[in-house]
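Kindly produce the complete structure, drawing on both the sequences and the hints.
In my numbering, each residue carries its 1-based index in the sequence shown increased by 2.
What the hints contain is simulated information worked out from the structure, not anything from laboratory work.
Keeping only pairs whose Cα atoms sit at most 25 Å apart, straight-line, the calculated BS3-like set for lysine-lysine is:
{"id": "1", "residue 1": "Lys117", "residue 2": "Lys322"}
{"id": "2", "residue 1": "Lys94", "residue 2": "Lys107"}
{"id": "3", "residue 1": "Lys89", "residue 2": "Lys322"}
{"id": "4", "residue 1": "Lys272", "residue 2": "Lys117"}
{"id": "5", "residue 1": "Lys81", "residue 2": "Lys138"}
{"id": "6", "residue 1": "Lys94", "residue 2": "Lys325"}
{"id": "7", "residue 1": "Lys224", "residue 2": "Lys25"}
Here the structure is a predicted model, which is why all the values come from computation and not from measurement.
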Amino acid sequence: MAPHADYPETTNPPPKKLTPLWKEDLEKFGVAVVPGVLSKERCDYYTNSFFDWLESFPYGFSRDDPSTYVPEYLPSSMKGGMYHGYKCQHEKFVWEARLEPSVIKVFEEIWGTDKLLVSFDGFNFTLPATAKLLPKEETAPWPHVDQSPQRKGLHCVQGIINIAPNGPQDGGLVVMKGSHHHFTEFFKHNEGKRADWGSEDWRGFSEEQMEWFKERGCELTKVCAGPGDVILWDSRCVHYNVLPEGDQLRALFYACYTPAEFATQENLEKKREIFRRKQGTTHWPHDNLWFRDEWKRPRLGNPDTYNRDTPRQEIEATDKMLKLAAIIPY
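Here's what the structure looks like:
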């Protein structure tokens, strides 16, 4: 259609698509908060689902009885509320969170594709009363990265689907902002070429090594977020978890998505088998995949004799879910 004679064709280029601020933060600082990804109603649903899950165990926990908010009445976890056992990675409500379209869209924006795989990760439901009873070794900072220096560039962006208010005193993620920019330099000057990394994408840091990053302008920051926000961080960023200091519970899902094309055929086959066994994975959706027996931790200082061979409730599979799990190819 020809332009109207009174309105000549413009010679200006089309406006550029604006980059979301959170993407700029992720690139610059290595961490970002995407606000309002889930509604209050969905967060309330997931909070109730966490409580339902805890009450399903034979330990006597009741959401209506604060005296049961202590380890004696709770299933086994690490650091006060990080759950990886009991086939929890494949519970219905956990898969529902992973399948939230608005959550998936965030990672589609990061990678520029809708052909993604998702991690079979656990969740965090930390009750402040439990956190305050933990021994010192469980509360100490554990700064680390989740990517080997043998990998060059961005390979993994980790995610938290935040369900409860998460302010400065409410526990949560601590990140050394900007440390991903010094990732390669650190290992070049401090570690050289290590032969023992293999596919293990994890490395802890000492206090002295943390000072190395601080000298280069990196700043330790407690990430705060509201219910329904998604927290993202580059796996090359130094980070760790802290426990609540106040009375606000911590509720979240760990969820990470990466392009399906990142996975080798061998890893796709492993992922399918892990899914069939209803086992969990690391934060990585496409690599670091191992077959594990039921993840167990001592409970009250003794082996936990209670176990589940299947999730308490399983979700009805959809094509989208099976593609994210690598069962159906894209």
